[in-house]
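**Q** Using the sequences provided together with the hints, build the complete structure.
Listed here are the chains, written in short residue letters.
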Amino acid sequence: MGLAAQKRVRTIISYCILGFWSFILLFPMYWVVITSFKNAIDMSIKATYMPFIDFQPGLHAWRYLFVDRLTWFLDPFMNSVLVAFISSTVALVIGSSAGYALARFDYGGRNNSIVLGFMSQRMFPGALFILAFLVMFRELGLLDTRLALIIVYSSGAIPFIVWVMRDFFEGLPVEIEESAMIDGANRLGVLFRIAMPLAAPGLVAVFVLSLIGAWNEYLVALTLTFREAITIPLFMTMQVSQTGYTEWWNMSAISLVSVIPVVAAGMALEKYITGGLTFGALKG
Amino acid sequence: MATEPQIYPSKRFRFEIKDNLWKWIFLVPAVAIILILLAVPVLWTLYAAFTDLHLYRIGDFDTKFVGLANFEKLLSNRSFWRTARNTVVFMLGVVPAQLIIGLTVALALNNITRGQKLFRTWFLMPLMVSPVVVSFIVGRMLFQEDIGPINDILRSFGFEGVPWLTSPTWAMVALMAIDVWQWSSFMILMLLAALQGVPPDLHEAARVDGANQLQAFWRITVPLIMPITMTALLIRIIDAFKVVEIIMVLTGGGPGQATESVTLAIYRTGVKGGDLAFGSSQAYFLLIVLMIFGGAYLFLTRRAMGKD
Chain A
1 MGLAAQKRVR TIISYCILGF WSFILLFPMY WVVITSFKNA IDMSIKATYM PFIDFQPGLH
61 AWRYLFVDRL TWFLDPFMNS VLVAFISSTV ALVIGSSAGY ALARFDYGGR NNSIVLGFMS
121 QRMFPGALFI LAFLVMFREL GLLDTRLALI IVYSSGAIPF IVWVMRDFFE GLPVEIEESA
181 MIDGANRLGV LFRIAMPLAA PGLVAVFVLS LIGAWNEYLV ALTLTFREAI TIPLFMTMQV
241 SQTGYTEWWN MSAISLVSVI PVVAAGMALE KYITGGLTFG ALKG
Chain B
1 MATEPQIYPS KRFRFEIKDN LWKWIFLVPA VAIILILLAV PVLWTLYAAF TDLHLYRIGD
61 FDTKFVGLAN FEKLLSNRSF WRTARNTVVF MLGVVPAQLI IGLTVALALN NITRGQKLFR
121 TWFLMPLMVS PVVVSFIVGR MLFQEDIGPI NDILRSFGFE GVPWLTSPTW AMVALMAIDV
181 WQWSSFMILM LLAALQGVPP DLHEAARVDG ANQLQAFWRI TVPLIMPITM TALLIRIIDA
241 FKVVEIIMVL TGGGPGQATE SVTLAIYRTG VKGGDLAFGS SQAYFLLIVL MIFGGAYLFL
301 TRRAMGKD
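From first to last, the protein sequence lines stand for chains A and B. According to UniProt numbering, the residues represented by the first sequence are 1 to 284, in order. According to UniProt numbering, the residues represented by the second sequence are 1 to 308, in order.
Simulated from the structure, these hints should not be mistaken for laboratory data. Note that the Cβ used here is the ideal one computed from N, Cα and C, for glycine as well. Careful, some of the hints might be misleading.
Unchecked claim - Across the chosen pairs, the derived CB separations fall in these ranges:
id, chain 1, residue 1, chain 2, residue 2, range
1, A, Phe23, B, Phe65, 53 to 59 angstroms
2, B, Phe159, A, Phe27, 15 to 21 angstroms
3, B, Gly67, A, Glu178, 55 to 61 angstroms
**A** Next up, the structure:
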């Protein structure tokens, strides 16, 4: 077999592998989409696979979600939106300022140790925090509030943001900032008018990653909230246990509503997100 | 820069004082938040692990130090060892599977040019989905025993339906499948990044020198992607040790205690049961295991790679 033929065989095998894995990833998503259009009858006897052929799709689950029970669904949805956006914004401002400071100032030669100190938090299992958080927020009277989740999620996102953004700011040329300061700008102006715009790709990546992290978080939300401040993942599991796992179509519709925004954002910003996700390991 | 102070000496001076202030204004909020919200819980949990603290008795003055009693209780507790065993089994099931899938798919992805970006974007999808939703969709719906598609397909090929959620063994397999579905993508993207760092001409040169495809892979590609692979593996191992959400949604730790992980046990005893002291000792046990394991792993891999 010649080299060209060998290469062609390898390419074909590669596409087969990629196609197979894509299918594995696609099938559950396909399933949840068609299930959200199914009726009870389509799920009572045997599995049905193809809309219009196996079963007649209907919109009742979507009507249930967006018309009949909209208010009931809207509360956790708004909780998730508010908690995710506010906590990520707070974490972005505080974390990237610290990242900038660690890139531009000298803290007695201990800059690397400070960054490592931030990162050590990632070693700790979440289980270590939930008990203390439960007691802390109970004493503060903040149980079942969005504020409690915002505080926890921003503090959880800060170390990662500091770590990534410090590296990002270090890669930016310092001369522009220097000349701006000679022209009379102060550090705050330099950070927000010069450094941050230049670091926009990094900021977008860490912001979206914290957004997704907060949007999907479950364990802390389960520990700290139970009625007023529940987020979508918690709302979903509550529905599942209330309905005894049988209203598949409604659950599918809720799943899709909760998944589509973050998956769309993540995939649209693929380049930055992959960079942010693989950043740590590529550096270490 | 050097000429500046001579022209405006006083202004320059003021400017530096102000800049010195910004140095602290930028850093202190982040440090303060991390100290309060990360260090305090870690220390508080350590304290709790040595007391008889209970959620429903907080504020009483009779919280006492019990020394190592919680840890003694832990080590002699069969239920705890059961959850520890489950966690290790889970980790040993998912991490190798993710490594194999990750390497296979990453090699395939590195081998093609057309459509690479498309596949890469699509493979990112599972990482964006919450574990709760993944466990619901992949676990509860696909592995549903009566009308789920997996059993349905098995039956149409003449097999028996598998009792995915009612058999202890199969429930663990289903949980592993969920984790593999979600996190193989992480290995794929990491290993792809590693593979793209291998200079192609190195590979070519080895082929020209008479090495076959396999030899070139083992001698050139593998050593070069080893550092990233090892880091990716460590991240996945630590995450697998912390598994909890997918179990809560799919099995709740059942049947019996067959799929309960350490973190789920901590939640059950500490948050649900209110036994903060015993929960804290379990959390610290997990932390100590992770630190010893992580430390040993880093030490051994660094040494092994240093010797190569």
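**Q** Go through the numbered hints given earlier and state which of them the structure violates, listing their numbers in rising order.
**A** Violated hints: none; all satisfied.
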